[in-house]
Amino acid sequence: MANFFPRWTNTLPLQVVVALGVMGLGVSAAVTYYFTPKYTRVGYQPDQPVPYDHKLHVGQLGMDCRYCHSFVEKSGHANVPAASTCWNCHQHVKLGSPKLEPIRKAADKNYEGYDGNPVEWVRVHRAPDYVYFDHSAHVNRGVSCVSCHGDISEMRVVYHAEEQSMSWCLDCHKQPEKHLRPLDEVFNLKWQPEDLSRKDFTDYLAGKADAAKVAELLPLPKNGNPDELLSQEEIGSALKKLWNIHPPSPNNCSGCHR
Amino acid sequence: MFRSLAELQGTAGFKKRLEREFPQGAAELEGSGEDDSLSRRRFMRLMGASTAFAGLGMAACRRPVGKILPYAGSVEWMIPGKAVYYATAMPRAAGATPIVAKIHEGRPTHLQGNPLHPGTNGGTDHFAIASILDLYDPERSRFYKKDDVAIGYTEFRSFFSAKKKQLAASSGEGLAFLHGAGTSPTRQRVALQVSEKFPKAKFYQYESVDRDGLETATANLYGSRKQLIFRIDKAERILSVGCDFLGVDHIADDAAGDFSKGRKVEGDAKADSMNRLYVLEHQYTNTGGMADHRLPVKVSDMPAATAAIAARIGELTGDRELLALAGDLAKKTTIERKWTDGVAKDLFNSRGKGLVLAGSRLDAGVHALVIAMNVALANFGQDKPVDVVVTDLQKSGEISELATAIAAGEVSTLVISAESDPVYSAPADLGFAELLEKVETLMHLGVRDLCASAHAAHWHIPAAHYLESWGDVRASDGTYSVIQPMIAPLFNGVSETAFLLDLLADKEPEEGGDAGLAAVRETFSLIAGDAGEGRWHTVLRNGFLKESAYRSVAGAMNPAAAQQLVAGLQPGTGGFEVVFTTDNKVWDGRYINNGWLQELPDPITSLVWDNAALLSHATIKQLAKDKGEDWSNKDLVIEDKAYLLKVTAGENIGYFPILPAPGHARNSVSIAMGYGQLNAGSIAGTPQSAGKDTGDVTGFDVFALRTSATPLIAESVEIELVTEEVELREGYSTKTYPIALTQEHFMMEGRALYRDGTLKELEEETAHYDPAHPEHGSSFQKRGMDAHIPPNHSIYRGQDLRPGVNPNQQWAMAIDLNQCTGCNACTIACQSENNIPIVGKDQVIVGREMHWIRMDRYFAPDMKQDDHGHWQSDDEDLDNPQLMPQPVACTQCEAAPCETVCPVNATVHTEEGLNAMAYNRCIGTRYCANNCPYKARRFNFFDYNKRPIDQLYKGPFSDKDKTGVAPSLQLQKNPNVTVRMRGVMEKCTYCVQRIQEAKINQKRIARDSDDTRVPDGVIKVACQSACSAGAITFGDLSDKDSMVNKAKASPRNYEMLKYLGLRARTTYLARIKNPNMDMPGAEHVGTVSKNFH
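Protein sequence lines, in the order shown, are assigned to chains U and V.
Using our numbering, you'd call the opening residue of the first sequence number 1 and step up by one each time.
Using our numbering, you'd call the opening residue of the second sequence number 1 and step up by one each time.
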């Protein structure tokens, strides 16, 4: 009886196994990269009906975040401004710009195209329905806008800067000291820990706690230099203890899921 | 102690239920809807195919574009994401329920009592809380209708303008109004204006559940425009003759709250001031359940029984008038002398601090006797339990007068706005529906257009719900409240007041305006005297006008009138009686299309989606004997089915399912009104019994048997057991009828789950109980297994939750069974707050109801040991057992058995001691429910939140136009709670959304301080705020001074199923009874759990 199978088929099983292995690895790698928020979310930069320029308004004109996102300290939801908020200024400034057309339609009662319908902004950051994120709980306790949204004051068109996945949330909930800063600086998107002098910070702590506690909260730097620049870790740890910061831990699902 | 007859008899079916996590059938896809071919296998095949097709499309790869639509112009007070609370009031037939509505972005989502209101102190009931669902009912009236067909607004306007002109020309000749009872001063003022403009117009009023007896007696004895008000909190001894004041007899707006004040035995209350309640009633009610002494008495025997007690009181007080009043009637009573003597003596001994009440639907003669008793006992007065006040409310004519007028051809235009649906519910002898054919123009104004009156009317006008229109109301004590709209009319409805104003106006009504506002403001300025803007806003903010209660008047009762009323009373005949009772769920039928109420288990029978004929065991067995069958108690029970009863009253025949009712008077049949409405909506006409046609109507209509002479009972009736098949509804013949009873669902295994005691016992225990050494324990803590099983040490330790070690606040709850009346308001509040769906009758039968907090109701007859040492009870014991309700929800065990078995960590323990659910993680293995000894977990067997209940079994093949929840119902959902989908387990989490809200709010206040602990009392969970009686305390276990710690320090505090070592966070406080040892049977009161080992 003749050989049905040529010689090269002897290695076929091995080739198949190797090929499958390579494919499997490839698929796993692809899934871990492409199916995660790091890929699906970060960089998302949709066109908005009004090309509102954060870099111009915040970065150059120095507007505060809370002028438009006015309830961010009061509510869980950081509101997108009503058209009437834009109109407060733009009824005087750049009134004729065609870019403002949707705002005028919504807010300018004297405009021929006025219909009073809200402007349909495109959502950039979206938490799933089963996630109950609360802005006010964060900004009132020393977590800055920058921590989750990136430096918006540099964005001509807003994009998704951070991945905002669950593990990303938990990183901070496990180690909040990496992000805490004095309340005055929460809306200062350019703030760096080095901007805070050790003396000012010590004075602030002294106003809140007795000397022994302050020494415990902010020990002297290892080199003993009282003017040594502060690090984020130092500021964060001190504030965490002083303010009794206990974010819901990874064990506590009900902090974010109800 | 038993929950159902099957448990008492220990049937095999019952044991099977006890052992299962969910009742038999709950976990199977059997008998699936109309299509039996949709077996599980076929279902899997179809689902597999559809999944494969979905995969081919690859539709879900791209991120969907979401939009954010802010307001065009900012809205005052509105903070997106934050709820706003507004005060308003729900009008009731004889008062009001002041409420605070929670508004999310302009849509009311939840109703709570108004704690500022002086009359109610935040009390509500399940009707008030569930009324929000009526607002969003997708089958509410949406259109103007002509001859039951929807028409445009302009068509109605042209008719109405012509009608107005015609009426004005004839000064209202032939115009009549039939409205409901109500206490709105504005409606009354506008109605007067209508009478001025149309002098010949007539007003009539109708309520199928009226208070005629009480009102007639008051008017005759004290003069017109007088009203009695009852201050139950001031009464230390209460006798109720057929008055279910803790349930459906609305004698005061917060009767349950007032009663509970006198029931407190700890804290500020002195033990010797605990009140004592005597109840005579024909069927078990919430009130009877709270009674220290209860006696079942037929309604027809109540006049004689009242007279007998009056005679005893007359003898004690030496009041000749009262003796004369009681007269011969007293001798005809069937109650034993020891009972009447005991009650009378006790009432006499606490003269001025006692109260005698009679059911407001009882005959005026009984009320005359009761008033005379209260007068003789000096219970009347300004700070006494009962008082006479002047009202400004005028009563309109009776429906029988209207019937006479129509028969005489005097009515050509009739406007029906009575919520009682007169065409359906008017007394049968009036032949109201046929009479209406004589009326030329019949207009109906109502929130529902699927009711008999709307179907019969020539013109239907959609009415505005009270949550969407301006109005006003007086509470039962007279306190004036303004009803402010919480939302603009969803379906362009108009309020009754606005309709009357429209009739008066020459101009067309303004589009989108509510003419009621100006009218209410005018009434307000008349009542308040000062109509300043500030005062008006204060009233809107608080929800009521301070010090506007009715004025008390000193006045002597007219004895001659009393004599005359009492002379009309007859002693009972001894035959059968049928009692038409007010339903605990649909009231008189007006809530028939409200799914929450329909699926709320009746507090006594635990029946849902139906009404039934309630009879005592002995009576049923007697009926069987009449048919030549010898039944024992075991024969009365058939699983999920009921035998039928045939009731014949003259020409009218009615069939009703029979429910054996422990504690029911013999030879008496109770049937709840309001059911059996045809074409009343998809909830009212839910397809039942797995597609086997039962006529698509919930319950059975009893109004056909009711006459205007005796609207409470029918005496000349014949009743018999149905033994042959009968045609129950068209095309549906049967001998038995499927019923859904939840009493055996979610049974727990263990003894002394419910604990009770007497006041004397409590005093003894309090004397030597030290909460610092709980290991010694009180007698309440050492019952059942806790009496002899050594403490169970869990090998699963979990987190260390001890205060001091754990920095977080530790949440816990205490439920005081001494305050709980079993009214079920907590269940409805929980449903509204937590987006809990209804599941329909079929699903309830297989045990899939979703209520997170259920009311376990136990009956406890006196048991005797037979020759073999078995505990037995005979029929006499079943005639008057004790009733004990116990609300059970997830107890948040510290060593929770559910958590250890979850394969995906969907249920975990938080640092705050909550047994948390991450719904998005749950894969639906149901292991947790299997492992829960309290059976507190509920599983979504279907997409209850996504599909109407008649489409459940069709899944993706359901009618396209029926898939999904009606948009209006979506508006009710609480945005802070996940709406769960099919295949997800759910349960109580102590309203974690409220806890989180309070915690975040505290952080917002704390800012850069460390003060992050939520102060005690800030968090009120939904069931707690709904409880008028204040039975539920919630708070922080790590705070020594918290209210919940104080409650748990009581010797009555016990942990259910403690022997399992679960360390439940919810504990119960044993119920305390205050028996009068002179009464017959007093030695058994409050001793049910004493001998459980």
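In short, the hints are calculated from the structure, not lab data.
One or more hints might be untrue.
[Unchecked claim] Coverage of chain U stretches by chain V, computed from C-beta distances (three or more under 8 Å per stretch; other residues unrestricted):
1. 17-30
2. 74-85
3. 221-231
4. 237-245
5. 248-257
[Said to hold, decoys possible] In silico negatives: residues of chain U with every beta carbon more than 12 Å from chain V:
6. T9
7. V157
8. D184
9. K190
All figures in this text were calculated on a predicted structure; none of them were measured in a lab.
Cβ coordinates follow ideal geometry from the N, Cα and C atoms, glycine included.
For each hint, the structure was consulted:
no. : hint    : in the structure
1   : 17-30   : violated (count 0)
2   : 74-85   : holds (count 11)
3   : 221-231 : violated (count 0)
4   : 237-245 : holds (count 4)
5   : 248-257 : holds (count 8)
6   : T9      : 34 Å, holds
7   : V157    : 15 Å, holds
8   : D184    : 9 Å, violated
9   : K190    : 21 Å, holds
Checked against the numbered hints given earlier, the structure breaks hints 1, 3 and 8 and satisfies all the rest.
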